[in-house]
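For the sequence shown, the numbering used here begins at 2 and goes up steadily by one.
It should be emphasised that the hints constitute simulated quantities derived from the structure, not laboratory data.
Treat the hints loosely; a few may be bogus.
[As the list claims (entries may be wrong)] Calculated pairs, DSS-like style, for lysine-lysine (alpha carbon to alpha carbon, straight line, at most 30 Å):
id, residue 1, residue 2
1, K50, K60
2, K144, K158
3, K34, K18
4, K97, K65
5, K161, K144
6, K96, K60
7, K162, K144
8, K32, K60
9, K157, K97
10, K72, K60
11, K97, K32
12, K97, K161
13, K158, K97
14, K144, K156
15, K158, K34
16, K50, K96
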Amino acid sequence: MKLLEANPYRNCDLGDKRLTDRAVLIAEALKVKYGHPLSEIFQSASDLKRGYEFFSNPKTTFNKLTQPSFKQTAQEIYGIPIVLAVGDTTYLDYKKILEKRDDYGPTGNGGNGLILHSSLALDPDFGQPLGLLWEKLWHRQHKASPPPGETSTAKKKRLKKER
């Protein structure tokens, strides 16, 4: 069995064994029905509710949930002389979700959401993915609107002060 076929969340440290067990169950369910809505992935309404509670728990941070996968990828690529690392930036646009607008930032073209940078390890000979090396999820800060009637000189001075 390849390392990446094992569930990386068995070694996840969320500070509570119940959360770790829930992470394992969710990962197993996602593996079977990847890409489906959560309402289709979980077998019952109570499982769906527990899934949402898991994701909204302050102990289940993005970093804690991604670290086991990164460690597993590091083990998978150990000893491989050449590994291709392919980077990607994805813009997650949530401009229609008004109640969380302050939690997100501008993404360009009027969008509002999060930015996800990823790096995927690939086998250079066969192009097979070996796993996820790194991910960073962040958002830009909202910029203050310039004062009305601001001249270009005043704008330059204001921007210089902001640096």
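Right, here's what the structure says about each hint:
Pair hint K50 plus K60 holds up; C-alpha atoms about 17 Å apart against a cutoff of 30 Å. Between K144 and K158 the alpha-carbon distance is near 16 Å, which keeps this suggested pair within the 30 Å criterion. Of the pairs offered as hints, the one joining K34 and K18 holds, with about 25 Å between alpha carbons and a cut-off of 30 Å not exceeded. Proposed proximity of K97 and K65 is supported: the alpha carbons are some 28 Å apart, at most 30 Å.
Proposed proximity of K161 and K144 is supported: the alpha carbons are some 14 Å apart, at most 30 Å. Between K96 and K60 the CA atoms are separated by roughly 26 Å; this keeps the pair inside 30 Å, and the hint holds. Between the alpha carbons of K162 and K144 the distance comes to roughly 14 Å, so the proposed pair stays at or under 30 Å and holds. Between K32 and K60, the direct Cα distance comes to roughly 23 Å. Compliance with the 30 Å bound is thereby established for this hinted pair.
Using a Cα cut-off of 30 Å, the hinted pair K157 and K97 is violated, with the two alpha carbons roughly 33 Å apart. A C-alpha spacing of about 19 Å is found between K72 and K60, which places the hinted pair at or below 30 Å, so the restraint holds. As the CA atoms of K97 and K32 are separated by approximately 29 Å, the hinted pair is consistent with the 30 Å bound. For the suggested pair K97 and K161, the alpha carbons sit about 33 Å apart, so the restraint of at most 30 Å is broken.
Between the alpha carbons of K158 and K97 the distance comes to roughly 35 Å, so the proposed pair goes past 30 Å and is violated. Only pairs whose Cα atoms come within 30 Å are accepted, and K144 paired with K156 is accepted, the gap being roughly 13 Å. With a C-alpha separation of about 54 Å, the suggested pairing of K158 with K34 is violated against the 30 Å cut-off. Under the criterion of a C-alpha separation no larger than 30 Å, the hint pairing K50 with K96 is consistent with the structure, at around 25 Å.
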